[in-house]
Amino acid sequence: MKKSSRLMTVILALTLVAGVSLTACSSGGSGTSSAAAPTAPAASSGAAGTENTAASTDYPKNAIQIICPYSAGGNTDLMARIIEMKLPEYLPNSVSIATVNVPGGSYIPGMTEVYTAEPDGYTIACIAGSPLSIVPAMGETEYTHDSFTAIAMITSFANVIAVKADSPINTAQEMIDYVKANPGQFTYGVGGATNTPNLAISSLVMEEELDMKSVVYNGNSEVLTAFLGGHVDAYAGASTDIRAYVESGEAKIILNLGTVKEDYYADAATMGDLGYVAVGDSYTGFVAPPDTPDEIVLILETAIKEILENEEVITTLSDMGLQPQFLDHTEFQKLISEYYLRNAEILNFLGLAG
Amino acid sequence: MDMLLSALANVFTPAAIIAMLGGSAVGMLIGSMPGLSASMGVALFLPFTFGMEASAGILLLISIYCSAIYSGSISAILINTPGTSAATATLLDGFALTKKGQARKALDMSLQASVIGGLLSGVVLLAFAPQIARWALTFGPAEYFALGLMGLTIIAGVSSEGVVKGLALGAFGFFISTIGVDPVSGISRYTFGVRDLVSGVDQIPAMIGLFALAEMFNQIESGATRLTGDVKIDKDRLSWRQMLPFSKVLLKSSVIGMIVGAIPGTGSGTAAFLAYKTAKGSSKHPEEYGKGSLEALSATESANNAVTGAALIPMLTLGIPGDAVTAILMGGLTIQGLAPGPQLFEKNGVLVYTIMIGFLVANIIMYFEGKAAILGFSKICNIPNYILIPVVVCCCLVGAFAVHNSLYAVKVALVFGIIAYLISKFGYKNLVAVLIAIILGPIVEQNFRRALVLSGGSASIFFTRPICLVIILISVGSIVMPLIKARKSKASAAAGIEE
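Just so you know, the protein sequences line up as chains P and B, in that order.
Take the first sequence: its letter number 152 is residue 152 in the working numbering, and every next letter is one higher.
Take any residue in the second sequence, count from 1 to its spot, add 1000: that is its number in the working numbering.
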């Protein structure tokens, strides 16, 4: 008797717990609002600000949250934090800034949080190419490439194809000739099935009807491991990650999948040289929720532009193998959309479009 | 030599020492909290290091890393919940020892074995880093697959309720690991249109649900006043002298930990399982394993901390982060202008040695802080359930939330807690097999497919590469040998009766 009543208690407790968790999820944005709690009071003033310019000019008054849909320690996260550190100095009012990592789920959870946030400038996202120029083309998102309000691009680097220094292949054309002569023999490692470098290569594969094997790893560092260990013929990924090996004479870059050029691969052919549209640059920039007022976007855009002229920031970026590359909000949105349209075509070719 | 001396000077600056003292303490707290993982702790403190001097900053992060990997075992031992996934294997014997009243001994063993594993790996890091890094690169997809397979075979060894139940749980865990975007093809699997499931099921919330919440539900049902019931807690400690009989196991497990740690992308959980398996295979008392064996604990604890030093090898020498934690450490170094890679040694030799020597010092600091912490932690056994359970459940749910800063992981934890509670009613009480499969499933599956892509679909790739073949043979042997032995002893027993 006593035992069964205990069982009942447990079942009741379980139901209660389950009930609470279900309510939490059915109320939709509750996860969002709890994470964005400090910005809640600002919501109303920001909304009013869209009509009243006088109100919006005192932005920012509260803490600003930068949502980073990538894990801590990665490239995009570091960029967010570099800006985070400098932003208080460069905004009209010094407010506290916090970067919150919401990684995983093809960036959808993090981006949805920003998408549904109040457009008051107190929740913004730091993104690279995938969240807006690739993932929305695969379906599964409520938002698309132009749903957000672009703020500014801060930097961009090219993805490249590299081979070992002792490889007989020296140029992009030699690679294409080799692959055509030996279909199915050439292997390249890449950090994700739908990441920027793989889509850029797929566009080459699509145009040239190449038969080469894509070996998909989990992230760029795994690709680097496989490449250095000689398990794949070529490395396809960020130029910044292979730089040390090009400089140490172990690897050579044969194709620049994007447009950005650096000293250590200035001679490598670009996709443009081969006559194709280049979508192999990885950009990093900031976007705000849909319908964020222009005044707020301008304040942020101006601050970011000035931060990118700060000597300290330039040094930090160059240590990471990057240069500041500012694009204002209209140019940045144009770039996001261009990439999105081309990627949608490629994803369609790969059978991955949504 | 000059470099070593200036590195020593760097390590013993007040700033660096304070950073390590603080880091160890913070790491211990974070690691012992179920749900707060080592990588979360390091990520949390990464921004603090931006303004610090490079060596002190990186030593702060390394101290957090080492002591979080160690202290994940504290909660595994005391409340049957691994604080980090590195401590999953600790579950097998840790809580059993507590139930026998030997919590204090188990905690001492865990700390001392961790320090031994950490120090040994630190020495190897200092002496052989470049050579080991190059050797580790010979591991391709086929070898990763074989290594994962070997880890999976221990499911049979930990299934105290019978192999069939163990395999069923393993299959369930394997299935769970396939939910979400398949990294190889980019296609979503088993998400049923639920957006959250695209992220897949993370190890940490699953672990919280399967162990912490399920244990708490069962405690509530049993109505016990304390977690360990009426068992009297032994005050007996474990001296270093009493560690001597375990020296062989400690050494072997540390070597396993170092090998696994040096291979990027495997992790301390895997190392602990492999060490457990090896120790059991050569033990004089394999029957004690799973029922509270100090020897088993010495194996898992030394192995998972031996990973820490070895994981720094590919990061420092090749610029390849072996796991989530080293990825964040690398971010920390990069932002200081010290991007790890093949030239780090030449360009910043002093810093590299500072990290290596600091790593050893951090382990020693961890020992003393751990000793102090054990005094406090071992009292957890005396806390009545009506206080302990709500506190643990709260910590667990907060920990789950912190995984991705989202409620999704909290829901995962609750669902797994309920599943674990319900299936325990059908006799499935030993759920370690599920977690082994969740941790190793992706390694096995993805690398199997990568290997086949590379070989053009031919399975010969698994049998023509020597390292891979040896690992596969060992795994098969470890399953077949006990069967043959059992049959032989049965046969001889039968023959004995006839005579």
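Derived from the structure by calculation, the hints contain no laboratory data.
Here the structure is a predicted model, which is why all the values come from computation and not from measurement.
Beta carbons are placed, not taken as given, at the ideal position from N, Cα and C, and that holds for glycine.
Any given hint could be a false lead.
[As the list claims (entries may be wrong)] Okay, the calculated beta carbon distance ranges per label pair:
{"#": "1", "chain 1": "B", "residue 1": "1469", "chain 2": "P", "residue 2": "247", "range": "50 to 60 Å"}
{"#": "2", "chain 1": "P", "residue 1": "211", "chain 2": "B", "residue 2": "1194", "range": "31 to 41 Å"}
{"#": "3", "chain 1": "P", "residue 1": "177", "chain 2": "B", "residue 2": "1171", "range": "46 to 56 Å"}
{"#": "4", "chain 1": "B", "residue 1": "1044", "chain 2": "P", "residue 2": "144", "range": "29 to 39 Å"}
{"#": "5", "chain 1": "B", "residue 1": "1009", "chain 2": "P", "residue 2": "273", "range": "44 to 54 Å"}
{"#": "6", "chain 1": "B", "residue 1": "1009", "chain 2": "P", "residue 2": "171", "range": "18 to 28 Å"}
{"#": "7", "chain 1": "B", "residue 1": "1222", "chain 2": "P", "residue 2": "349", "range": "27 to 37 Å"}
{"#": "8", "chain 1": "B", "residue 1": "1134", "chain 2": "P", "residue 2": "247", "range": "44 to 54 Å"}
{"#": "9", "chain 1": "P", "residue 1": "330", "chain 2": "B", "residue 2": "1372", "range": "58 to 68 Å"}
{"#": "10", "chain 1": "B", "residue 1": "1018", "chain 2": "P", "residue 2": "318", "range": "26 to 36 Å"}
{"#": "11", "chain 1": "B", "residue 1": "1044", "chain 2": "P", "residue 2": "177", "range": "44 to 54 Å"}
{"#": "12", "chain 1": "B", "residue 1": "1368", "chain 2": "P", "residue 2": "147", "range": "20 to 30 Å"}
[Unchecked claim] A short, non-exhaustive set of chain B residues, derived as facing chain P with CB atoms under 10 Å:
{"#": "13", "residue": "1127"}
{"#": "14", "residue": "1130"}
{"#": "15", "residue": "1134"}
{"#": "16", "residue": "1185"}
{"#": "17", "residue": "1245"}
{"#": "18", "residue": "1329"}
{"#": "19", "residue": "1405"}
{"#": "20", "residue": "1456"}
{"#": "21", "residue": "1459"}
Status of the hints after comparison with the structure:
1. A hinted range of 50 to 60 Å is violated for the C-beta pair residue 1469(B) and residue 247(P), which are about 37 Å apart.
2. Checked against the given bound of 31 to 41 Å, the beta carbons of residue 211(P) and residue 1194(B), roughly 37 Å apart, stay inside it.
3. Between residue 177(P) and residue 1171(B) the beta carbons are some 48 Å apart, a value that agrees with the proposed interval 46 to 56 Å.
4. Checked against the hint of 29 to 39 Å, the pair residue 1044(B) and residue 144(P) passes, with Cβ atoms roughly 34 Å apart.
5. Distance hint for residue 1009(B) and residue 273(P): a CB-CB separation of about 52 Å, consistent with the stated range 44 to 54 Å.
6. Distance hint for residue 1009(B) and residue 171(P): a CB-CB separation of about 49 Å, inconsistent with the stated range 18 to 28 Å.
7. Judged by the Cβ atoms, the range 27 to 37 Å given for residue 1222(B) and residue 349(P) is violated: they are separated by roughly 59 Å.
8. The hinted window of 44 to 54 Å between residue 1134(B) and residue 247(P) is violated, with their beta carbons roughly 18 Å apart.
9. For residue 330(P) and residue 1372(B), the Cβ-Cβ distance of about 59 Å falls inside the hinted range of 58 to 68 Å, so the restraint holds.
10. One distance hint, 26 to 36 Å for the beta-carbon pair residue 1018(B) and residue 318(P), holds here, with the actual separation near 31 Å.
11. For the pair residue 1044(B) and residue 177(P), the supplied restraint of 44 to 54 Å holds, since their beta-carbon distance comes to about 51 Å.
12. Between residue 1368(B) and residue 147(P) the CB atoms are about 54 Å apart, so this pair departs from the stated range of 20 to 30 Å.
13. The interface hint given for residue 1127(B) is violated, since its Cβ lies 22 Å from the closest Cβ of chain P, which is over the 10 Å cut-off.
14. Look at residue 1130(B): its Cβ only gets to about 13 Å from chain P, farther than 10 Å, so that hint breaks.
15. Annotation: interface hint on residue 1134(B) holds; nearest CB of chain P at approximately 9 Å, less than 10 Å.
16. For residue 1185(B), the interface hint holds, the least distance from its beta-carbon to any beta-carbon of chain P being 6 Å, beneath 10 Å.
17. Hint status for residue 1245(B): violated, given a least beta-carbon distance of 39 Å to chain P, over 10 Å.
18. Of the supplied interface hints, the one on residue 1329(B) holds, with its beta-carbon coming within about 7 Å of a beta-carbon of chain P, less than 10 Å.
19. At a threshold of 10 Å, the smallest CB-CB gap from residue 1405(B) to chain P is about 5 Å, leaving the interface hint in force.
20. With a least beta-carbon distance of about 7 Å to chain P, the hint placing residue 1456(B) at the interface is held under the 10 Å criterion.
21. Interface restraint check: residue 1459(B) against chain P, minimum CB-CB distance 17 Å, threshold 10 Å, status violated.
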